[in-house]
Amino acid sequence: MARMKFLCDADRCIECNACVTACKNEHEVPWGINRRRVVTLNDGKPGERSVSMACMHCTDAPCASVCPVNCFYTTADAVVLHSKDLCIGCGYCFYACPFGAPQYPRVGNFGSRGKMDKCTYCSGGPEPDLSTIEYEKYGSNRLAEGKLPLCAEMCSTKALLAGDGEMIAQIYKERVIKRGYGSGAWGWKTAYRETVAI
Amino acid sequence: MRLGTMLTRTFIAATALMAVAAIDAPARAQAPTTAPNPTADSVNEDLLFKQDPKIHGRISIPDQKAANLIQPQGREWRGFHEGWMPWIGAAAILGMIAALALFFFTRGRIKLEHSEESGKKILRFNGFERFTHWMTATCFVILALSGLNYIFGKRLLMPLIGPEAFATLAQWAKYSHVYLAWPFMLGIVFMLAVWLKDNIPNRIDWQWIKAGGGFIGKGHPHAERFNAGQKVVFWMVTGFGAAMGITGLMMLFPFYATDINGMQIMQGLHSLIGVVFIAAILAHIYIGSLGMEGAYDAMGSGEVDLAWARSHHDLWVEKEQAKTASGPQLRPHQAPAE
Amino acid sequence: MKAFAVAVICAVALGIAASYVLATSQKFAWQAFSTTSARVSQPGTNLVGPRWTGDVKGPHDEVAGDPQPGKRS
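Chains A, B and C, in that order, are what the protein sequence lines are. Per the working numbering, the very first residue in the first sequence carries number 253; after that it's consecutive. Per the working numbering, the very first residue in the second sequence carries number 34; after that it's consecutive. Per the working numbering, the very first residue in the third sequence carries number 27; after that it's consecutive.
Hints in this document: simulated from the structure, not taken from any laboratory. Virtual Cβ for every residue (Gly too), placed ideally from N, Cα, C. You may find that some hints are simply not true.
[Said to hold, decoys possible] Derived CB-CB ranges, DEER-like:
#1 B/GLN106 x A/ASN294: 18 to 24 Å
#2 C/ALA49 x A/ARG445: 38 to 44 Å
#3 B/TRP205 x A/TYR325: 41 to 47 Å
#4 C/ALA64 x B/PRO234: 56 to 62 Å
#5 B/ALA226 x A/GLY299: 57 to 63 Å
Based on the sequences and whatever the hints tell you, model everything.
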């Protein structure tokens, strides 16, 4: 099976936020929950870059390790998913995540922060694929339909790449060689303990 | 002739243009020959990590916390929480249980020494003091169990009862943990109010410690209302209680006082202090129940055997009896006068 | 024994009281991150909408308060 990853080519990203909007619309994500976001670095200065960031579906994911109810699991495509039936809303995954991916319906931590929500790599949750209950809890399951995550598929500059890690790394490498520059695969060192060697 | 003039004019114009170009040249000498390299001055992950341990930018959504792009400190917290914490917790709690068992089987139960005063009762803790103790104690037991559930639940309990049942239990454990924390904190405040005046360390405590507290040697060193050991318990409970309260509140109200790194540290402190607190309270429970005959009555009924009081808290008994002799007789439901 | 019983009852009562008092300051993400221009209403039941509880029924899973009415000026 493939080892699914995201790669954001910061030299192409124009901070249009279409990935954010696509994600919001595809999964009907409520206001205040951000599965994907675009962060602009060095804003307004020379060398400004924007990076689209969501759950990176880490190798040996910290969220899964610290979860006190073990609600996380990794699919055959190496996508990190979680069960909202088991989640108790404690916030541990939020402490552990290097990318700020876990989102909660409530702001205070007393009682419960509610069921954690994060990027599913457009592949739903533990419920049967493409079922209504899966859609209501986790959003649509594009992977089960043979499609890639919508954020990357509709990226206008093809800055955001999704797919098998080796393939997207190859695409990125070719781009860098052809145009002569590249600011690297953002977050890969933290998420996968490796980077795209150019 | 006309052609010659034109040629001359053209030549002059061309020379002038070239001269202008030559003046302008240093400013854009490289422009046509090499491709622009935007990476030369673009931000770079490695460079940003050298400047700051986390990468922070600007974001256009209202949740400004999302402006942190990468914050790898969570991996260190994870290493502590999953690598060290279960072992520290197990060592503290099992170590204390083993030590108490060893003490029980070697020293045995500390017996009540009978004297002519046996059978007479003296009021040691009034109703409010016992109420404060038990409110804090019951909250503590629930908080300790639900707190340990965060560390050990998935390791010990989840394989036994299955993930669904365990998730339901953990959810209710979390509710009880965050809501019973409030009566617990109130109890700590009450304890400070009612027992602070009897817990100021003084010279008698030093004598008590030097004599081994009566645990090691024979006989009982002098003690006032609380001996040095009890004072240690008091200051441990109030100090750790306050620390647990503060670190807990930081996590209950995310981002009010600290950022995510602050919360990681708070969680680490909360869990470390928590297991030490639990281990210390295990010792307190042991000595107050199984470890010493007659001690439980102080918190059970509030009245202790006068012989027990005389041997363990001689100075306090003298003070109380002096008060009784000169002043009005203490009734069981009346708070002891100061 | 009476002190113990009163203490347990009091602890439970205070815990429940704390849950109600804290619920008043609890905010949903859609409330907390709405702005003067983005007047957000209750987002419904999809994904992590406030009414969605999963199988676990806990206190205050219902909406704590109505969305703040948008000010038109």
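Hints and how they fare:
1. The beta-carbon spacing between B/GLN106 and A/ASN294, approximately 22 Å, falls within the hinted interval of 18 to 24 Å.
2. The hint said 38 to 44 Å for the Cβ distance between C/ALA49 and A/ARG445, and at roughly 42 Å that hint holds.
3. Judged by the Cβ atoms, the range 41 to 47 Å given for B/TRP205 and A/TYR325 is violated: they are separated by roughly 23 Å.
4. At roughly 59 Å, the beta-carbon separation of C/ALA64 and B/PRO234 lies within the given 56 to 62 Å, and the hint holds.
5. In this structure the supplied range 57 to 63 Å holds for B/ALA226 paired with A/GLY299, their Cβ-Cβ distance being about 60 Å.
Of the hints listed earlier, the one the structure fails to meet is number 3.
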